[in-house]
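Engineer: Single-letter residue listing:
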Amino acid sequence: MKKSIFLVLFLMVICLYFSPVARAEDELDVTIDQQLDSIDFDAIEVKWDEYIQQLTGAKTFREYIKDILDGKDNISIENILNHVSSSVFSDVKVLIPMIVSIVAVCIINSLVVGIKGEFLGASISSLLNTVCYCVVLVVSLKTLSHVASDTLHAVSSMQYVMQAVFPISITLLTAVGCTSASGGLALSMSMVSNLIVNIVSLVILPMFSASMILAIVGNLSDNVKLSRLRSGVHSLASWIIGVVFGVFSILITAQSVVAGSIDNVVVRSAKMALSGYVPILGQYLSDGVDIVFTTSIMLKNAIGVGGLVILVVSLLIPLIKVIVLSLAFRLTAGVIESFAQSRVSKALEEFGKNVNLLTASMLGCAFVTIVGLMTTINIGGIV
Amino acid sequence: MNILSIISIALISVIIINLVSKYNPDFSIIATVVAGIILLVSIVGYFTDIVDKFEQIVSVTGINDDIFSVVLKVVGLSYITQFSADICKDFGVNSIAQKVELAGKIAIFTVALPIVSGMISIVMDLL
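Line by line, the protein sequences are chains A and B.
Under the working numbering, residues 1 to 383 are what the first sequence spells out, in order.
Under the working numbering, residues 1001 to 1127 are what the second sequence spells out, in order.
Any given hint could turn out to be false.
[What the hints assert, rightly or not] Here are some chain B residues pointing at chain A (derived, C-beta under 8 Å): (1) ILE1067; (2) MET1119; (3) ILE1122; (4) ASP1125.
[To be verified] Straight-line alpha carbon distances no greater than 30 Å define the calculated DSS-like cross-link-like pairs of lysine-lysine that follow: (5) LYS1053/B to LYS93/A; (6) LYS1105/B to LYS225/A; (7) LYS93/A to LYS1073/B.
What the hints contain is simulated information worked out from the structure, not anything from laboratory work.
Quick reminder that beta carbons are idealized off the backbone N, C-alpha and C, glycines included.
Model the full structure from these sequences, guided by the hints.
Structural biologist: Below, the structure written as structure tokens:
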């Protein structure tokens, strides 16, 4: 009796050792490796080498995806924070001479012209005020001229990430069986990626330049009043950014919710039909399809997360640069308000407000891209 | 800066100019110009120290030297122009005073021209 019980237990252990669950885990790893090796990551590797490589232990994007799938955390938050903080300090160091220059010129101007008793005649005082205003403009505009090109470069990087990551994610989504979602997302993301740079370069940046010129000319003389026109242009640009990127985000989200539900029903029905109506091998075929779907979903999600990391790191430094510049202008305007000409502090304050347009355009592009990436990650998860 | 000595020089100059103008108005013009020059020379020494300190600050903070040299030149030109114009006005020659002011403004504009052209080129880059 005891021998027969031991024999049954021994046979059960043998069966468990060779069970389909244990085999499925090995098959999953093999399938993941096969699928990963078949994907071409060359386009993404370019941006990976540019932004991320020095911040992680993974040398390539492919290695990073493997680490995500193995559950290893290869991104060092400390490295990213050090990289960002060193960039912020270098930007602040560049801005300090600008701020000190402006404050010093305003002090000299106020000492010479502002002393009561009118040492200088009205016409010469006015000319001196205008020269000091021009000097302040030259000092501040030298810094501003690089910011617009940095913004365009950041938005182009986001477009590049979109055009590199989304085709792979959408292809994997199609492999999972989410044809409705992938079709809709392919169309909307190609539209977004092409339109984003065009909107920023053809609409937002010209409006930023127009707003800057109106701020410069409007403060040049008391007779020329352009501040309301400048604030109108600024408001229009802000509305365009909000409406365009908001509408895109809502469209992508709504499309994914509807299409995701449809695809979920279709795939489950297909698997049920496979397991129910194919004799003998139906269940095995259904399990095999499950393994392929699972690997595709895991790869899709890992690639989406990798794209998200590249996007955030590539955007972080230009965004911080622009925010620091805007704050520097406003701080300088506040410091010089008590002793400088009112037009100088007003012009600097308006420059600070205009620079926020660049911040808004970068954040809008990032928001749309992140919504798209998160949508591709979420779709297919419940299949 | 010994402000008391400068004030003393100024007051003594005013007294001398008033006395001279009663007997010989032509010499009062010379006396006025000489008094102004003496006062400016007595201030220049202290002004040079301030400019040197300023240059040290500029070199430490990394500010562009060209900009401050333009600003200081413009300030200097403004004072010299106003000084000369005021002397002319004191002696009732307003037409000469206006021409001196015009010449001063042209000189200021000439010195500030690189700043203005720099500003225009940066605005053109924005466009």
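Engineer: None of the hints should be skipped; say for each whether it holds.
Structural biologist: Outcome of the hint check:
1. The criterion of a C-beta within 8 Å of any C-beta in chain A is met by ILE1067/B, whose closest approach is roughly 6 Å, and the hint holds.
2. Contact between MET1119/B and chain A, as hinted, is supported at the beta carbon level, the nearest pair being about 5 Å apart and thus within 8 Å.
3. Below 8 Å, beta-carbon pairs count as interface contacts, and ILE1122/B has one with chain A at about 4 Å; its hint therefore holds.
4. The interface hint given for ASP1125/B holds, since its Cβ lies 5 Å from the closest Cβ of chain A, which is under the 8 Å cut-off.
5. Taking the CA atoms of LYS1053/B and LYS93/A, the gap is near 22 Å; set against the 30 Å cutoff, the hint holds.
6. Proposed proximity of LYS1105/B and LYS225/A is supported: the alpha carbons are some 25 Å apart, at most 30 Å.
7. Among the hinted pairs, LYS93/A with LYS1073/B is consistent with the structure: their alpha-carbon atoms are about 28 Å apart, no more than 30 Å.
Every hint from the earlier list agrees with this structure, and none is contradicted.
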